[in-house]
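S.K.: Chain by chain, the residues run as shown.
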Amino acid sequence: MLNFTKIKIIIIYFILFLLTSFASLNFFYDENPILKKKVNLGLDLQGGSYLLLEIDTKPLIKERLQDKVIEIKKFLKKNNFKYNSFLINENSISFKIENDNNKKFQNLFFSTKDNTINQYIDQYRTHQFDLEIKNDNYLIKFSKYGLLTLNNSAVNQSIEIVRRRIDDLGTKEPTIIQRGEKRIVVELPGLKDPSRIKDLLGKTAQLNFRLITDKKDDFGSEKMTSENGEEVIVNKKIIMSGENLIDAQPRVDNQSNSPMVAFTLDRYGAQKFGKVTTNNIGKRLAIVLDNKIISAPVIRESITGGSGTISGNFSFQEVTDLALLLRSGALPTPINIVEERTVGPDLGRDSIISGAISLIIGFVLVVLYMFYKYRIFGLIANISLVSNLLMLVGVLTILEATLTLPGIAGIILTVGMAVDANVLIFERIKEELRTEKSVIHAFDMGYSRAKITVLDANITTLLATVILFIFGTGPVKGFAVTLGIGIITTLFSAYFIARHLTSSFVLRNRENIKL
Amino acid sequence: MKYNFNFINYFKKFNFVSLILVLLSLFFVLFKGLNYGIDFKGGTLIEVRIQNNDIRVSDIRDSLNKLNLGDVNVKNFGEKSDFLIKIEKKLNNNDSLISEIKTSLDQDLNEEVNYRRVESVGPKVSAELLKSGIISIGLALLMMLFYIWFRFEWQFSLGSIIALFHDVIITLGIFSILSIEINLSIVAAVLTIVGYSMNDTVVIYDRIRENLSKFNKLEIDQVSNLSVNETLSRTLITSVTTLLALFSIFILGGEILKGFSFAMILGVIIGTYSSIFVASPILRYLKVSSKTLEKKEDKIVP
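Chains A and B are the protein sequences, given in the same order.
Okay, so the first sequence: first residue is 1 according to the numbering used here, each after it adds one.
Okay, so the second sequence: first residue is 516 according to the numbering used here, each after it adds one.
Bear in mind the hints are in silico, worked out from the structure with no lab data behind them.
Here a beta-carbon is modelled for each residue, glycine too, at the ideal position from N, C-alpha and C.
Each statement offered as a hint is correct.
Just so you have them, the derived chain A footprint on chain B, three or more residues with Cβ under 8 Å:
id, stretch
1, 621-631
2, 639-652
3, 703-712
4, 741-752
Put together the whole structure using the sequences plus the hints.
M.R.: Rendered as structure tokens:
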């Protein structure tokens, strides 16, 4: 175990040199994609906000089922079925079909070619909807994969909208990623107070334009309260929705000096809006955002240019936000904020300082203790400890890992536990020295006999960190990363670097070795 | 240094002590329960720093009580000017709770309040975090069981798992007695303890296995005693270096790492104790002898 070939020595120190060079990249700045690698600081160290969003698909499911009812009714009429008792439940549609004894509806509903009523999802080899039949009662609900596809598209759309809203605010380097089926992680480094972003994300921003009528027709209209608290009856028919908006900007009205939002419509929207405003001069238009009237102006002239303004009792902040929401588009379904963690920049700085101090003190204590215990071999163990830390930082840099406060704790713990490998070996050598006359042979036996123990001992800790990595979230994951990589660099430094140093020392001073 | 303690005399006594400690811990965990933090119970946590030293805990509490938040817990946190506010009320969808609290504190204290940390976890997420915490600890124990089974004989695997349960249960028992808050970092600490304690046990088991085949005339108790003695110096040195690092975090690492490092310190002490006084003597009850090894003869050679 004490013999090293030249090539082996070169490889060992080349790896050490390479990883140390990577570690040193953290102190420089360079544009090169490899040279600009750095260990990232977690939100708990640099300060910032972490938000976990969850999309609420219930309203979306209901909406889709409502659309489906209309389609199914049409479909039933076209195919001459006799049906009645249509009902929309929480997540299903139920109805009755009379005398469909030869399962004609079922066959049509599950046909795989050109099925307009129940789309076939090729990717999952299944239909969008399931059908349950009991006597004449039919129950249609989303299939497992139908629901999954719905979820996925809603999450993807939401991520897009969330990104637009956050980018619009000009936050630096936000991270927005999907987690699990229904969740979105948003990380906003450097953000002190996420309340404005929370407000903006909390609004679905579904905008539509509808006419205010004076007819109390129960089916086609509903009662709503206008922005001044006045009760009005609003036609349910949507003239135009936010989808037709291309742009929206905050403006100040030249005459009244009050803030307002100026919007621009696409071609289809402009045509539609022009037609409706021309035909309804003198009537009032309700501008409805998330089922609340935000403004209800009287149509004074036809608006055919494809642009208009929304004014009301808004503050400048409100019009800025409204314009942003309208520009970024509506969320397909509401979003809830289910977890929030914000760390102020000064706490982050304090954490870095106290983390660094405890690392240095812990390191110095361990180094002194090892030197006291093993003298010259303690020095070797300490050199291997330093190389260990350099390599650990080097690997973290290559992976561009995120360093968190628990991650720093993981590094300090690595310092404490890394010497274990060398302790195991040295203690074994001591035992061998008691029975073995040849010093070199004792060292050789010590290294080879301790090998399995060192491996076993470290693999158990590594297993625990792997689990922590899989199940842990946020800062805790950072702990698993540093501790796990620490174990691997520990094995390398004990079995290659420390062993090489020991062997060159022992081979040179074979006569007076004391351990 | 070469140790030659006669642990055999103590094995039985300490086994009894361990049994009592485990039962006592179970009693506390089951009846007093664990003090779950917002990670696992849901709620809101706010850490503030106020430069004016005259502000007391009661001032903050009075201000917050006006908001009808239910159970509010305010305490000093580290330095005198730092406070930790914990609100049990579960945050519902997009609640503006945090902004309301900030407004109320800013007005009532009439001081510049520095909001150093705000965390709020909804009930659904906290339930999931708790579940994944329990699963991860269970899974870690299971993986250890299989690893030792794969590397040693089943008796060793069972012995090491009993020692691990011993460590985890007593650590949780102490947490329950001292009402220390259980949060995500404590789960990380418990998992690391599992790894560390296993590490210690494996080193001694490796030696027991080696000595069993070397001295096949000796009783298992004597082999355990010999092996514990032979590895004692390593066990102690590693515990010392690990504890040096951990005390450094505990004292200098700031308030956030206090609970974590305290749990680890407890775990290292209990883990070291258990590998000597639980994992080794238990092999006798599992009827381990040099014959146990014969079936796996090919694996003994270190």
